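J.: Line order of the protein sequences matches chains D and G.
When the count follows the working numbering, it moves up by one through the first sequence with no breaks and lands on 469 for the last residue.
When the count follows the working numbering, it moves up by one through the second sequence with no breaks and lands on 485 for the last residue.
Source of the hints: derived by calculation from the structure; they are not laboratory data.
There is no bait here: all hints are sound.
With the C-beta cut set under 8 Å, the calculated list includes, among others, these residues of chain D facing chain G:
hint : residue
1    : R62
2    : E75
3    : L76
4    : D78
5    : T90
6    : L92
7    : L94
8    : T97
9    : N115
10   : S120
11   : D144
12   : G164
13   : D270
14   : D347
15   : R416
All values derive from a computational prediction rather than experimental measurement.
The beta carbon of each residue, even a glycine, is placed where N, CA and C say it ideally should be.
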Amino acid sequence: MKIWDNLIDDVGKLIPAGVECEIKMINSTESLTRFANSHIHQNVEEELTDIFLTFHADGKTTNLNLNITSMGSIEDIIKKALSEIGNNPKDSTWPGLTSKENSFNGYKDISPDDPDIRAQKVKEFIEEGQTYNGAGYCSSNVSNVFVWNTNGLNSSDTATSAFLDGIFRSETSAGSSHIGNQILSDIDAQKVGQEAFSITKESQNPEDIDPGVYEVILGPDAVSTILVFLSVYGFNAKSKVDGTSPIEINVEQFDEKINLEDDPHKDGALNFKIDASGAPKKKIEIITNGIPKNYFHTRRTSNELNQSNTFHEMFGWGDSFGGLGTNLYLKPGDISKEEMISNVKKGIYINEFWYCRVLDPITQVVTGLNRNGSYLIENGKVTKPVGRLRFTQSFMSSLGQGNVLGVGSDSRFADSEFGEGILNVPMLHLKEFNFTGGVSG
Amino acid sequence: MFNEINKSIDAAISSGAQYADARILISKSRDISSKDGELEDFSNSENMGLGIRALVGSSWGFYATYDLSDESLKEAGKKAYLIAKASSKVPGKDFPLADVPIVKDEYVTPHEQNPFKVSTTDQIDLIVSSTHEMKKIGSSRAFGRLNFWDTEKWFASSQGHEIYQNIIESGGGISSLSIGDGETQIRSYPQSFGEYRTGGWEVIQSFKFLDHVERISEESKRLLTSPQCPEGTRDLILEGSQLALQIHESVGHAIELDRILGWEAAYAGTSHLELSKLNEHKYGSPLMNVVADATLPGALATFKYDDEGTPAQRVDIVKEGIWTGVLTGRDSAAIAGVNPGGMVRADGYGRLPMVRMTNVGLLPGDSSLDEIISSTDDGVYMETNRSWSIDDLRLNFQFGCEVGWLVKNGKITDMVKNPTYTGITPNFWGSMDMLAGEDEWVFWGTPNCGKGQPSQIGHTGHPASPARFKNVRIGVRG
Numbered sequence: 029m030k031i032w033d034n035l036i037d038d039v040g041k042l043i044p045a046g047v048e049c050e051i052k053m054i055n056s057t058e059s060l061t062r063f064a065n066s067h068i069h070q071n072v073e074e075e076l077t078d079i080f081l082t083f084h085a086d087g088k089t090t091n092l093n094l095n096i097t098s099m100g101s102i103e104d105i106i107k108k109a110l111s112e113i114g115n116n117p118k119d120s121t122w123p124g125l126t127s128k129e130n131s132f133n134g135y136k137d138i139s140p141d142d143p144d145i146r147a148q149k150v151k152e153f154i155e156e157g158q159t160y161n162g163a164g165y166c167s168s169n170v171s172n173v174f175v176w177n178t179n180g181l182n183s184s185d186t187a188t189s190a191f192l193d194g195i196f197r198s199e200t201s202a203g204s205s206h207i208g209n210q211i212l213s214d215i216d217a218q219k220v221g222q223e224a225f226s227i228t229k230e231s232q233n234p235e236d237i238d239p240g241v242y243e244v245i246l247g248p249d250a251v252s253t254i255l256v257f258l259s260v261y262g263f264n265a266k267s268k269v270d271g272t273s274p275i276e277i278n279v280e281q282f283d284e285k286i287n288l289e290d291d292p293h294k295d296g297a298l299n300f301k302i303d304a305s306g307a308p309k310k311k312i313e314i315i316t317n318g319i320p321k322n323y324f325h326t327r328r329t330s331n332e333l334n335q336s337n338t339f340h341e342m343f344g345w346g347d348s349f350g351g352l353g354t355n356l357y358l359k360p361g362d363i364s365k366e367e368m369i370s371n372v373k374k375g376i377y378i379n380e381f382w383y384c385r386v387l388d389p390i391t392q393v394v395t396g397l398n399r400n401g402s403y404l405i406e407n408g409k410v411t412k413p414v415g416r417l418r419f420t421q422s423f424m425s426s427l428g429q430g431n432v433l434g435v436g437s438d439s440r441f442a443d444s445e446f447g448e449g450i451l452n453v454p455m456l457h458l459k460e461f462n463f464t465g466g467v468s469g
Numbered sequence: 008m009f010n011e012i013n014k015s016i017d018a019a020i021s022s023g024a025q026y027a028d029a030r031i032l033i034s035k036s037r038d039i040s041s042k043d044g045e046l047e048d049f050s051n052s053e054n055m056g057l058g059i060r061a062l063v064g065s066s067w068g069f070y071a072t073y074d075l076s077d078e079s080l081k082e083a084g085k086k087a088y089l090i091a092k093a094s095s096k097v098p099g100k101d102f103p104l105a106d107v108p109i110v111k112d113e114y115v116t117p118h119e120q121n122p123f124k125v126s127t128t129d130q131i132d133l134i135v136s137s138t139h140e141m142k143k144i145g146s147s148r149a150f151g152r153l154n155f156w157d158t159e160k161w162f163a164s165s166q167g168h169e170i171y172q173n174i175i176e177s178g179g180g181i182s183s184l185s186i187g188d189g190e191t192q193i194r195s196y197p198q199s200f201g202e203y204r205t206g207g208w209e210v211i212q213s214f215k216f217l218d219h220v221e222r223i224s225e226e227s228k229r230l231l232t233s234p235q236c237p238e239g240t241r242d243l244i245l246e247g248s249q250l251a252l253q254i255h256e257s258v259g260h261a262i263e264l265d266r267i268l269g270w271e272a273a274y275a276g277t278s279h280l281e282l283s284k285l286n287e288h289k290y291g292s293p294l295m296n297v298v299a300d301a302t303l304p305g306a307l308a309t310f311k312y313d314d315e316g317t318p319a320q321r322v323d324i325v326k327e328g329i330w331t332g333v334l335t336g337r338d339s340a341a342i343a344g345v346n347p348g349g350m351v352r353a354d355g356y357g358r359l360p361m362v363r364m365t366n367v368g369l370l371p372g373d374s375s376l377d378e379i380i381s382s383t384d385d386g387v388y389m390e391t392n393r394s395w396s397i398d399d400l401r402l403n404f405q406f407g408c409e410v411g412w413l414v415k416n417g418k419i420t421d422m423v424k425n426p427t428y429t430g431i432t433p434n435f436w437g438s439m440d441m442l443a444g445e446d447e448w449v450f451w452g453t454p455n456c457g458k459g460q461p462s463q464i465g466h467t468g469h470p471a472s473p474a475r476f477k478n479v480r481i482g483v484r485g
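The whole structure should be built from the sequences, with the hints applied where relevant.
T.: Structure (structure tokens):
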């Protein structure tokens, strides 16, 4: 890409000897068509080119984040950064730069999608809702990332993604569905619409039930939220460094049916094959037969914990965040949704969680609510839709030994409390889940 | 700069848009974080670009670009129109925009010291020394952060607005984390995630972090050996920053007109409020008076014009417990038949402006925290938010705080850990029976309000003083 080639050419000539420098660039076009009350009301597209410079000299580090328009003279930027770096204290955990041998060339020149295609997907979704009120979005993104450093590394990658996420609302209910794909035209909007429609229809006139401990079946979006919390607060090695992670490597902490891996090379994976250090990512085991196998490391956390780097530095996030897997797959089981429901004596089906927050990171006790489709299951059959429930439940315990009764056979990219496209998961059948409040508080 | 913006606007209008407005922003930010006496992160950021929105029929089209060349600016205007036009595949009813004064004006946030002109050594030293002191006296982990923003905005519209604003915001905070056997306890100052205001370096100096390091470090350690907050129904006394978040979640979001109209239904949710009940619905007790006031000097959401060019103003939201007002934009106000309140803002040049809380605050009462405690027989006083969750109608909430203090027979007795409380919005606000006065009224700021798709982060203000609520369910645990 010309902007990138020019940038690293200029910087390469201007960096004084003895100064380590790393440059990252995110160049993307993010487009999103949003609908509510069954019509498109907001339709946006942003083209951005953000540049992240890190300088390390005399044991000190400084970071400068700019977009291409605000850069001005690169010579002035380098001079200013190097003059100011002396104000900083020593960087005792500076991890060094990625070596030249890790260079990876994955850049592809891909044009953004036409807004008419997204509008067509929205139309197809809304039509499935018949008289129900539809709301949601259809997005499509093309993202290119680049990393260069004074070790001679020069890496790049391109990722595309598209999502359709929508709900229908009746007078008394709502139902949602979600799908993700690398290619917008491959999104099956009618299928998403049909699923949201049927949940909305079946959820009408919900009844209140008493809070308490229930068996639950969690839809993919609810499962995804549990796993993203464990990823950010537990498997993120920064939380281990800070002393707040509940995750212990090679200790049987989860049910043996839980198998989670991070695989950027899987067909259809939606995120980059390199991390923000410029190194290629590999397929790694996160949980195998219920046993944690790896944290998500950055260069700094792998040094601090004296463990191998897993290359999970995030583009656009600082060192204070840590690392995160972005191509996570929870291994499906062999139980269909119908079989799973037939295995429940008395329990609740939860389609989606909402507004989950951690009460204590080290126990992973989280509170949140259900929404967009919940049903009571009795003696293997769905008997009635249920209203809002508040849960207060340890997410560690929810996937703990003996608490996972079944893993669904179908998986998909799911939405989560912290975003979409990073987790591909099936449904889960859990033995116990603690609901602490109902509609009346 | 207005000449540049108008090239884009003219291109949108000549393409067929019925209205267009655009902003060019130069946004600077600085993030400094420290852990255990070390500098963890030091980043300066700067970006510049244009965002233009065009109204065609019933939909906004929005396009943002970093490329400010003549050709790109014109192309941006055309693209905004074409994106809006693509929406006509799934049209709604055309809507007008509410009338607002067409002004040409300038505004700069009043400040004493621009934080970007203060020595970075002073800034780093302050936050590093704060975490160093906490670590030295026994915090398991000591965290600190400072954030500064300097945003220059040029706004113009096809109706003739030309407004320049320079908004300067500063904030930060410190936290002491104590790690025990299978648990963590945290104490923060001035509030969890820091306290943020409009203004310069003087905002940070006013916090006097070093005067508070010993207290929060000791309290976080003491919490490890304190008993759990008891379960049950008791009187609840909330410290101001926790009450500020309660206002944010259970009032501020509920009164956003875009939510009430269903525009946020799929993501942020809707509201339990129905427009037909405006000026009738009982939101809380007669002590409850809430205003949205974007003119409060020094509060985080203070400006002169919003991102639609509508003047900042003070709007009554709840008067003596009755719901009287909503947060609006020019489009939503016109649809609902209410006045536009100047409450639309965007997160940078690359995002579509949307309804945002300004300084949505609870006006002070005539009591004091001391009086509230001395008149409470059996209650819990909770300080500083630790967790927050509320349903998508903004009714059923549960909050956790960093520390609780039992109040018995008018006196604070024991410290308790993991305090939580839960409730339903109108019942909770209806139970407020004591409210501290102006002396304890603080302009709390929230710099991390998420809303919209694509996601936007908003800066909102919530003036509040401590208050008491009767018969609240507390001590919910998993």
